[in-house]
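S.K.: Listed below, chain by chain, are the residues.
Number of protein chains: 2
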Amino acid sequence: MSIRIGILGYGNLGKGVESAVRQNPDMELAAVFTRRSPESVSIQTPGVPVLHVEQLEHMKSQIDVLILCGGSATDLPEQTPGYAASYNVVDSFDTHARIPEHFAAVDAAARAGGKVGIISCGWDPGMFSLNRLYANAILPEGQDYTFWGKGVSQGHSDAIRRIKGVADARQYTIPVPAALEAVREGRNPELNTRQKHTRECFVVAEEGADKVRIEQEIKTMPNYFADYDTTVHFITAKEMARDHSGLPHGGCVIRTGRTGIEKDHGHVIEYRLNLDSNPEFTGAVLTACARAAFRMNQEGMTGGKTILDIPPSYLSAKSGEELRRQLL
Amino acid sequence: MSIRIGILGYGNLGKGVESAVRQNPDMELAAVFTRRSPESVSIQTPGVPVLHVEQLEHMKSQIDVLILCGGSATDLPEQTPGYAASYNVVDSFDTHARIPEHFAAVDAAARAGGKVGIISCGWDPGMFSLNRLYANAILPEGQDYTFWGKGVSQGHSDAIRRIKGVADARQYTIPVPAALEAVREGRNPELNTRQKHTRECFVVAEEGADKVRIEQEIKTMPNYFADYDTTVHFITAKEMARDHSGLPHGGCVIRTGRTGIEKDHGHVIEYRLNLDSNPEFTGAVLTACARAAFRMNQEGMTGGKTILDIPPSYLSAKSGEELRRQLL
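Chains A and B supply the protein sequences, listed in that same order. Residue 63 in the numbering used here sits at position 63 of the first sequence, with consecutive numbering throughout. Residue 46 in the numbering used here sits at position 46 of the second sequence, with consecutive numbering throughout.
Don't take every hint at face value.
Copies of the same chain look alike in the list, so a pair counts if it works inside one copy or between any two.
Unchecked claim - Derived pair list, reagent style DSBU-like, types lysine-lysine, alpha-carbon separation capped at 30 Å: (1) K150 x K238; (2) K238 x K164; (3) K318 x K164; (4) K150 x K196; (5) K60 x K318; (6) K238 x K263; (7) K238 x K60; (8) K263 x K150; (9) K318 x K219; (10) K318 x K196; (11) K211 x K318; (12) K238 x K211.
Calculated directly from the structure, the hints in this document are not laboratory data.
Please work from the sequences and hints to get the whole structure.
M.R.: In structure tokens form, the structure reads like this:
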């Protein structure tokens, strides 16, 4: 029997989950739920219904895990606790500072309903967090580094788009090669914000807009750009469509640490992702976590979880015996 | 209350565990057990007894987890199942082909005794296996690659030492840079043994030994060297001691895969280790797994486990709340 997946929200992430479900033979897509008019949403999986979100009230017996594909700012803080009492749920909540309160809300709802709710599954938070945990457990004395990119930051792209005179924008976060190299060599550099990443912006200006002012506004924008070395390129809408339509991302988590009675041996642990499509990869992580949510709940577990709590084997469709034989 | 660790076997790995225990404030070393005469073994932790292995019959109430630091060829197949009924045990059994039978034996003993037995904890098997599992669960359609090195292979070094006329030897396994690059770029190369790794050997010949014959015997040795491009350097005992006394190792596990309805997006997941001391790093992994064994058993779990079964948070001394706040 397949694990029946529901998707709530059909943006880039929802589409990523849809294609990931198709790559996992032990799963099937049961329905896509949307706040829009269902007739206006056309999905890629033949024969699967698109339903209005309100239909979730009546679908409990037809969905094993509901994957929430909304945004962290306003959708997930409401949706994940809202549905965790009725469904096993998985989300990619990524507002790091608010994870404790989000976890508490999802945990309470999931416990009350006897369901499992896994939050913050993606790559950061998600796979990067997991690698920070493993590396810290193995090397208690050491230093953590996270580099993001090269990749598109949607938040920074949006921030540029809000500037007057900007028609479109794409921002790439790029690790500083020398910083990365120093970390990988175990030199334990102290790095400030500017020394770790640069920001490269591609901007389509509206006709007649003041490009000098736009560039100045970008480079001095607090939090987003002021603390970084930022370069701005003005391009045409055609160039934007041709060269910057993808959503690549990635980065690495590195921990360096020392062992030995005299601490005379250094070690470097690095986990690195190079992703052509951020939403499809995030969707793939969510989908593997949905399998774990289903299995944990089948075994009687309930409550809030994160990827840090999931026995790794629960993410895989293979049996313990197969895993030991093939992957261990 | 600290987790009380026992170490069985005080070679390089046992010493690695000893120093790792010292880096984990929630643990203490209770005793080191040896098959040698205890008086002949001097350890680095003041006040901790060295006992004969037979004393393990009487130490059940004083040890929470016994870490088995023997070899996979003859020690562990006997010791791990032998002690798993009386102690929570952790080992680094690394004969991949024999893992299923070793697991079965440990599982049966641990279940019978109500204990937890975690086998094959190190980096390969161990952390590399874990990363293969995660990457396969996320990217079901893709290809796995493992590269080892640059590092000392003890098995290959030993094989050279068995050749007539060889006084000492050290063998380094080295990934082929072009192969690594092709994999990282997502080109999915088909690589045979020779294309993935080269082998570099440093040999101290006995006086008057026939170096031409020794080099020939190394390069044509089946399984160990015949399938590789191997270089042999003859050096002095002094050079060996000066330049090759360490036991560095490492390597990387890479999975490349594609996502999307049309499979048009490629992804690369890489986990990389660069280790100054193979036994100290392996000892550090064993020690983190000992914490998990203790906690799993405290919660009532029993039987054979591998790192693939351990909820990641059990490896860490931090609480779930701390982990979510600090690492997620």
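S.K.: Go through the numbered hints given earlier and state which of them the structure violates, listing their numbers in rising order.
M.R.: As far as the earlier hints go, 3, 7, 9 and 11 are violated by this structure, in ascending order.
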